[in-house]
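Here the protein sequences line up with chains A and B, keeping their order.
Each number in the working numbering corresponds to the 1-based position in the first sequence with 50 added.
Each number in the working numbering corresponds to the 1-based position in the second sequence with 13 added.
Heads up, a few of these hints could be off.
[Claimed, not checked] Covered stretches of chain B, going by a simulated chain A footprint (3 or more residues, C-beta under 8 Å):
| no. | region |
| --- | --- |
| 1 | 75–89 |
| 2 | 95–101 |
| 3 | 111–122 |
| 4 | 129–139 |
[Claimed, not checked] Far from chain B, by Cβ distances over 12 Å, these chain A residues were calculated:
| no. | residue |
| --- | --- |
| 5 | E109 |
| 6 | Q221 |
| 7 | V234 |
| 8 | A235 |
| 9 | A294 |
| 10 | E306 |
| 11 | F318 |
| 12 | V320 |
| 13 | M322 |
Derived by calculation from the structure, the hints in this document are not laboratory data.
Every residue gets a Cβ at the ideal spot worked out from N, C-alpha and C, and that includes glycine.
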Amino acid sequence: MALLLAGLLSVSLAQAQTHTEEQASGETPVTESFSAQQFGDRAPQQLPFDTEKVFVGAEFLNLYTGPGRGYVIDQVVEYGEPLWLLKRRTDWVKVMTRTGKMGWAKIADLDAVYGAAGEQVVVPAPGVDNARDRGVRFGFTYGDFEGANSLGISLGYRFTGNISAELRAAQTIGAYSDSQTYQVALLHKPFPDWRLSPYFMLGTGINITSPNATIVATEDRQDTTMLSGIGVTTNLSRRFALRAEVANHYLLTSRENNQEIVEWKLGFDVFM
Amino acid sequence: METGLRRIHVTLAGLLLAASAPFANIACAQGDETIDEIISPDLERREIREAEIDSEDFEFTVYWGGIMSVEDFGSNRMIGGSLAYHINEDFFMEAAYAQTELGESSYERLSGSAPLLTEDERDLSLYNLSLAWNFLPGEIFILDRWALNSNLYLIGGIGNTSFADEEYFTYNVGVGVRMLTKDWLTLRFDVRDHIFEHEIFGEPVTTNNLSAQLGVSIYF
């Protein structure tokens, strides 16, 4: 009986051993695969200084002649081949192959590349994946500033999903006067995850108004303004959002009455 | 259907139990220490690292040669440049600035009266913010020798034109072609229509002012 048990045990031990060996061979990292070792440590001679070496872990990777889907695929690199990452433009990465040829790979296709130590390497692409990510955004706007046309730029930074700050500058061109506005504003988004996400804005700035010389002969004037507004944004992609806004500019003038101007704006933001 | 599925589950569970029985034997034989090993997951943590890589999303363009025709005021050489940010392979946003001069209007030439504008008032400057769509990417072949990556883009935006001591809100639309000679150096040619309204001749007129510019740009 004891003999039988010992026999069973030894068999199962052997089984376990082969099992673990099989598992290990099934999970050989690409950096230690036959094809990776076949190419050795050779590097192309014209390799630029300070580039990162990775190994292709996908079955194959298409390389295009330019950073776009409209360009020709003129090379393919295979599993285990080394690649050197040169630079990124939009969603594309320029790479050099072991023979010294260069091509562009789509970042979406580069999801299985590994560093020398076997760790997975990802190429960071700009943009936000999550409505709560921090980050810088830059935008252009077109507006109606109480009958006058305005064009503006804004630079924003999101601290949390809800709170962001913005620097805004706009040039307004009207029939009777032109003005430049510079503002700093704080934006609050109560529901950042909504598809159409509303926001509230409070800010302050200055308005420099220059009446058109041909019509009214008055001097330029500079007024401090209080800004309040509401708006709505919608993310079209991880890089791009549309926004619409209505804002109230309250001009603290040196004249008898303060002045209120309502501005409607349409624009887009790009996440950097 | 459901009973069939359940049967498969039961069979699978049975098979798993049978397969793990020998391992369970060993574990019992080796005592408590191994229990920890069994319980703690035997998975290697997946390491993910971000590649350190330079990006080239900005494009700076200098107009190598440009010409702008201002309605009623003739055509003149235009100088300027632009700064673009490439959002993705399809879209880029651009801020541009340019300067040109106005010639004499035909009214001034024919009537022989005093000129409408002074010399200083004939200096025109414009800037605009635009969004462009690379809508036809592909290749341009020049003879047998060169195949250049290229794209055709549609561009449009808003801006400001200033001359004759006035500012004019300006819409611009246009089309352009970009040829990538190196991947950091491109040649651009585009044609724009700058549309604004002015009252220099007494009553408001909407004018279409065409410009064509050849630019050299570098990516950085």
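For each hint, the structure was consulted:
no.	hint	result
1	75–89	violated (count 0)
2	95–101	holds (count 4)
3	111–122	violated (count 0)
4	129–139	violated (count 0)
5	E109	holds (20 Å)
6	Q221	violated (6 Å)
7	V234	holds (20 Å)
8	A235	holds (19 Å)
9	A294	holds (16 Å)
10	E306	holds (28 Å)
11	F318	violated (7 Å)
12	V320	violated (5 Å)
13	M322	violated (8 Å)
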